[in-house]
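There are 2 protein chains.
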Amino acid sequence: MSENNKIEVDSLNSPLGVGVKLFVIKIGGNVIDEDASLQAFLKDFAQIKAAKILIHGGGKIATKLGDKLGIESKYVNGRRITDEATIDLVTMVYGGLVNKNIVAKLQALNCNAIGLTGADANIIPAIKRPVKEIDYGFVGDVDTSKMQVDNLQLLLSAGLTPIIAPLTHDGKGQMLNTNADTIASTLAVALGKKYDVRLIYCFEKKGVLESVEDDNSVINLITKDKYQQLLADKKLFDGIIPKIDNAFDAINAGVKEVLIGDAKDLLKNVTDEVNGTLIK
Amino acid sequence: MSENNKIEVDSLNSPLGVGVKLFVIKIGGNVIDEDASLQAFLKDFAQIKAAKILIHGGGKIATKLGDKLGIESKYVNGRRITDEATIDLVTMVYGGLVNKNIVAKLQALNCNAIGLTGADANIIPAIKRPVKEIDYGFVGDVDTSKMQVDNLQLLLSAGLTPIIAPLTHDGKGQMLNTNADTIASTLAVALGKKYDVRLIYCFEKKGVLESVEDDNSVINLITKDKYQQLLADKKLFDGIIPKIDNAFDAINAGVKEVLIGDAKDLLKNVTDEVNGTLIK
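Protein chains in written order, with the numbering used here: chain A, 45 to 324; chain B, 45 to 324.
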C-alpha cells in the first residue's frame, strides 16, 4: 500500500455518525478454499465489535464435488449455467457444507453466527432469470420489493451474526443460485436504510491498483472525480471496473462506503487507518 | 384407528391451558424420501396456526449420495459411524439439500420457515461422544447446559418457523451428527419451560398398535398405568418400547404431551380428535 496515500476513516469498531454501524462483508474462493486463510479471516471477522453480516461464495468445493458426481460445470459467456443437478449441488455445498462449517468455526471464536440462505426467513426472494438468448437455469435475480431484511435486523439486534450463502428462492418452492457479490450489495443497500453500512469486498488484490503490475500501488481513496480521472487516464484494468461501478451503485443507493481489498488487510487493522481501497 | 377409542384433546390450533402452545414435530425418512409424501406433510404442517418447530432426519439421500461418492456407510450395533467424510456428507445433505428444500417449499406455502442446525445461533451445542468400546466418530451428545433456546424463542415470537437439521457442533469448530429423535425431545424439554409443548413423532405406523399385525388397532391414549398394563400383557412389539420410554422421559421432564403416529393422520385433523397415540 502506498504510504503517502493513507487516509483516515472512522474506526472499524466505533459507531459511525448518527446511525448504527453495520459491516456487510463478502468473501470468495480465495479466502474459502484454503483452511488457513479462512481461519485467519474468521479470527479477524469475529473480532469486529460492530454488527456484521458475512456473505460467502462457494469456492472450488462445488466444482470438485460436482466432478466426483459427474455433474459438469457449464459456462456461457463466463457465467455458470445452473441445471437441476447443479442447483442441488450448490444448495448442498454453499448452503450446507461451506455455510455450516463457517458457522461452527465462528462459534468457536465466540461469534454467535447463524447461517442462512435467501430462502430462510424469506430474506431474499428472487425471480428465476427469464430465458432469452441464454437459459441460465436455476439462477435468481433478487426481487428487492419482497426482501424481508427486517428479519436480519431482528437477528442483528439480538447480537447474532448472519452468515449468508449465495442462494435465493423463487417463492414457489425452488431454490435458486445468485451471485454472492450481488447478494452483498443488495443486502447492503436494503440495510442502508437502517444502518450506516460499510460494504467490504474481499478479493485477491490488496485493493484497486494504480499500476496492475505493482501489488503495492493501492489507491486508498476513490471518489467520483478520482474515478473519472482514472478512467480518462486508462489506469484501471478491465476486471476492476465493474466492481467499482457496483460500488458506486451501492453508494448512490444509500450505502455509506465501500471497501475493496485483501481479506488479510481489510479486517486486521482496527485502527483508523484504511488498507485497501475506500470508495465513497 | 379403533373407533371406540377416540378421545378428546385440545384443538390443535387453539391455545392450550395457561401457556402458549408449541408443536415440536419430527419427521424421518418415510416422509422425506418421497416428494409426494413430503409435499403432503408440509401442506398440513404449514396450516398449523400454533407456533411450531420441525426437526427432520436425513432419509436415504445421504446414503445414496455417499454411495456415489464412494463414502461407505458404516454401522456398529445398528448405529451409524460418522467418520470425517460422513460428517461432511451429512452437513451437506441434512444441513443443505434437505433443510433448504423444505424451507423453500414451506415459503411457497406461506410458512415463514428458517432452516437451522444446532450450530446456528448456538442452539444445540454438543460434546463429541467419548470413545469407549466403539468410536462413533463425529457424533454429538447434546450439552443441555449450554443450549441457547432463547434464540429459538426469539424466532418463534417473530412468527418464524424453525426447521432443524439433525446436526450439532462441539464449540471448537466441528460439526457433529446427532440423532433427530434426540434433538426433537431435547428441544421439546428445553422449550417446555416456556411453552405447552406437544411433541409429535411421525413414523411409519398409525400409532402404537394393540396388535402388531393389525394396522388399525391403534391405541389412542397411553397413560403410565396403561403402559404398565401393556408391558405386563406383552402386547407391545420391541421397536416401540424405546419410543414410549422416550415419550415418558420427555413428559417427566416437562413436555405436556407426546403424539406418535403417521404424518398423514397426525396433522390433517385439526379438530379435537386425535389420530395416532397420545401419551400423557
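Bear in mind the hints are in silico, worked out from the structure with no lab data behind them.
Any given hint could turn out to be false.
Same chains, same names: a pair is fine if it fits in one copy or spans any two.
[Said to hold, decoys possible] Listed next, the in silico DSS-like pairs over lysine-lysine satisfying Cα-Cα at most 27 Å (straight line):
hint, residue 1, residue 2
1, 249, 93
2, 279, 190
3, 108, 118
4, 279, 112
5, 216, 300
6, 278, 93
7, 308, 216
8, 93, 190
9, 238, 324
10, 104, 216
11, 249, 237
Hints and how they fare:
Taking CA atoms no more than 27 Å apart as the test, residue 249 paired with residue 93 passes inside one copy only; the shortest distance there is 25 Å, against 51 Å between copies. For the identical chains of this complex, residue 279 and residue 190 are neighbours neither inside a copy (40 Å) nor across copies (55 Å), given an alpha-carbon limit of 27 Å. Taking the shortest alpha-carbon separations for residue 108 and residue 118, both the intra-copy value of 14 Å and the inter-copy value of 24 Å come in at or below 27 Å. For the homomeric pair residue 279 and residue 112, neither the shortest alpha-carbon distance inside one copy (42 Å) nor that between copies (50 Å) is at most 27 Å.
In this homomeric assembly, residue 216 and residue 300 never come within 27 Å of each other (Cα to Cα): the closest approach is 34 Å inside a single copy and 35 Å across copies. Taking the shortest Cα distances, residue 278 and residue 93 never come within 27 Å of each other, neither inside one copy (39 Å) nor across copies (61 Å). For the identical chains of this complex, residue 308 and residue 216 are inter-copy neighbours only, at 23 Å across copies versus 40 Å inside a copy, given an alpha-carbon limit of 27 Å. Proximity of residue 93 to residue 190 under the C-alpha cut-off of 27 Å is restricted to the inter-copy arrangement: shortest distance 23 Å between copies versus 30 Å within a copy.
Taking the closest pair of Cα atoms, residue 238 and residue 324 come within 27 Å of each other only inside a single copy of the chain (18 Å); across copies the shortest separation is 48 Å, beyond that limit. When the C-alpha separation of residue 104 and residue 216 is checked against a cutoff of 27 Å, the pair qualifies only between copies, where the shortest distance is 25 Å, while the shortest distance within a copy is 29 Å. Proximity of residue 249 to residue 237 under the C-alpha cut-off of 27 Å is found in neither arrangement, the shortest distances being 30 Å within a copy and 52 Å between copies.
In terms of the numbered hints stated before, the structure departs from hints 2, 4, 5, 6, 11, listed from lowest to highest.
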